[in-house]
Amino acid sequence: MLLAYTSSELTSIFTMQGFAGLSLFSVLLLMALGLAIIFGQMGVINMAHGEFMAAGAYTVYLCSTLTTRFAPSFQSYYFLIAIVTAFVVAASLGLLVEWGLIRFLYKRPLDTLLATWGLSLIMQQAFRSTFGAREVTPTLPDWLMGSFKPTESIDIPINGVFVMGLTLFITALVLFFTFKTRAGLRMRATVQNRVMSSAVGINTKLVDRLTFAIGCGIAGVAGAAFTTIGSTGPDSGSRYIVDTFLVVVFGGTASLLGTMASAFGIAQTQSISEFFLQGTMGKVATLLAIVIILMIRPQGLFASKVRRA
Amino acid sequence: MKTLKITTRILLTFLCTGLISTQQIVGSDFPTAKINTTGLAVTDTEVTVGQLHSASGTMAISETGSIQAEQLAIEQINAMGGILGRKIKIIVEDGQSDWPTFAEKAKKLLVNDKVAAVFGCWTSASRKAVLPVFEKENGMLYYPTFYEGLEQSKNVIYTGQEATQQIIAGLDWIAKEKKAKTFYLIGSDYIWPRTSNKIARKHIENMLKGTVVGEEYYALGSTSFGSLINKIKLKKPDVIYAIIVGGSNVAFYKQLKAAGITSAKQTLLTISTTEDEVLGIGGENLVGFYSAMKYFQSLTNENNTKFVAAFKAKYGKNAVIGDVTQAAYLGPWLWKATVEKAGSFDIDKVAAASPGIELTTAPEGYVKLHDNHHLWSKLRIGKWRTDGQADVLYESALIEPDPFPKGYQ
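These protein sequence lines map, in sequence, to chains Y and C. Each residue of the first sequence is one higher than the last, beginning at 20 in the working numbering. Each residue of the second sequence is one higher than the last, beginning at 6 in the working numbering.
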């Protein structure tokens, strides 16, 4: 199919195609980061992860509506503040959920699955009752729309660049937090040996609560970022959750590096196979590849080096 | 002279009131035993109907309008005295965008509630799921959505357009106006887009002597179209022919715009995007693109002005009306006209009386039911504006419904 085109056409298509792959990679990574933290560090399978993303997206929608109504001149800047708000809202929700639900279930990991799934249904219904069944989209500032043109035939979507930048920023922040701060050290200690950490004076309950809140907060940021790409409905979350789990499981749980590698692999496979095959078949090819690799390596790409107590 | 005029007027008024009062239908004129011989939920004062749409799930974005329109029509019919002197009572069920749920709820409505008619379904998948139930339990379904055709049932009245009505005239128009020769067909991955694109492909290749340079399907709810957009850029089709439904719509048009594909450079014709979807997508993201539909909210005829005003009075001034919403509004009115013609609520009699039923009060203009239970209707082309409404550029003559088109299968 490619023979009929000139080399300059091909160069621009491959540049854009490479970008499409990277863009999908950052979307997948942003989705999976929060889940990987919660799943990896705490062993809690958060089925309501998608709903925390939707909460973030709805926060942006609310901010957008309020801005349009009360401060139209603020329209071009509100989005950055909305992202921070989305983090705060989702993280506070996370705190609340950890305090009211999750902390009673740490010794029963399978029950967290059921409890968080129930929570996801409750949250979906809450969105539906509050915002209605229709999907909504916030008004985006003009600088986020349109494309950046390095040459005449190449268009790089600005919203893609934005999501990519945001993903890099959040990932860097998470890595910095986990490996370079006291709080991160306490978190890693708790994961490795909860009893010992407790004995040396780490408040493990507080660590759990913070970890869960941070994971949910990142989900909120992911949801906020996705408003630039798609729309938000009460069940948007359940659409995201499958891809998210795919990334985390494929990468090997309890490994941030694995999550990144897995997001990259899945995104590139999907984007390339979509280009050469077509939409649905591309997805089929990707899933097949994942199934085969997981059959050979059931523990995922990067196995956890943590010894479980 | 003047007094004479006034007297005549008064006389006329009396005469008219007299006429109306003799025509006023009273329930007792139609004994229940006579108009309901099969045990439907019809009493001396009330007739029960069912409403079966998705109020939740991915299709809720589209189906909400149909739910509202049907309820508005029924409310208006009740305000006029109901059907054969009986007020309509609605039992609402939620299909939850899940096809087995649709079948289960249809069975509940027909078997437990014994409803006289059901207004509902939206996707073809949901209609295919309930069809065996309606045929087995002998129910009556008024189905509002434009769909792929290839179906005809005694138990279904199709108030939307079948594929040839919507596709062929639209393609003819775009080929003539834009001198289009190459087409890129895109759809969500299920029966309606696939069958419609099959018809479109046959028409493009055989009748318009054009070429289809690509045909692709993406899973329902899919939000990443980057690779597709790159292929479109590579193949530079004259027309993108898009049949994308539900939440994917927003992602698709936003990403097209972000990738610099706007109406200034590219012609896009869709048969799946109505005012309902545009509300979610945002008019600024598809301004200048075309939709082929039988109805647009911006139609200026008198019926439509009244309909839009009544709809907004009930559902708020920001409510929008799409093609399917209008088709859903026709359902209860067609049923009323048919029951009155048949003089009975019995399903068999209603089905038999359906061909030839006309409505002159439809917002889309005059419509008539064909022997094949589909409507004769016009096709219109609308060009989207930033405010989410469309300018109607073209209107065809009444098109005969042909659910089994020869040479297109």
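If you're looking for bench data, these hints aren't it; they were derived computationally from the structure. For every residue, glycine included, the Cβ atom is placed at its ideal position computed from N, Cα and C. Be aware that a few hints might be false.
Selected chain C positions facing chain Y (in silico; Cβ < 10 angstroms) [as the list claims (entries may be wrong)]:
| id | residue |
| --- | --- |
| 1 | Gln76 |
| 2 | Glu80 |
| 3 | Thr228 |
| 4 | Gln271 |
Simulated coverage check for chain C against chain Y, where a stretch passes if three residues somewhere in it have a Cβ under 8 angstroms from a Cβ of chain Y [claimed, not checked]:
| id | stretch |
| --- | --- |
| 5 | 49-63 |
| 6 | 235-249 |
| 7 | 260-266 |
| 8 | 273-287 |
Comparing the hints with the structure gives:
This hint is violated: Gln76(C) has a C-beta 15 angstroms from the nearest C-beta of chain Y, more than the 10 angstroms allowed. For Glu80(C), the interface hint is violated, since its Cβ never comes within 10 angstroms of a Cβ in chain Y; the closest pair sits about 21 angstroms apart. Nearest Cβ of chain Y to the Cβ of Thr228(C): about 4 angstroms, under the 10 angstroms cut. The hint holds. Interface hint at Gln271(C): violated, since its Cβ lies 12 angstroms from the closest Cβ of chain Y, which is beyond the 10 angstroms cut-off.
Counting residues of the stretch 49-63 of chain C whose beta carbon lies closer than 8 angstroms to any beta carbon of chain Y gives 4, which meets the minimum of three for the stated coverage. Coverage of the stretch 235-249 of chain C by chain Y holds in this model, with 4 residues showing a Cβ closer than 8 angstroms to a Cβ of that chain against a need of three. Counting residues of the stretch 260-266 of chain C whose beta carbon lies closer than 8 angstroms to any beta carbon of chain Y gives 5, which reaches the threshold of three, so the coverage claim holds. Counting residues of the stretch 273-287 of chain C whose beta-carbon sits less than 8 angstroms from any beta-carbon of chain Y gives 4, enough to reach three: the coverage restraint holds.
Going through the hint list in order, the structure does not satisfy hints 1, 2 and 4.
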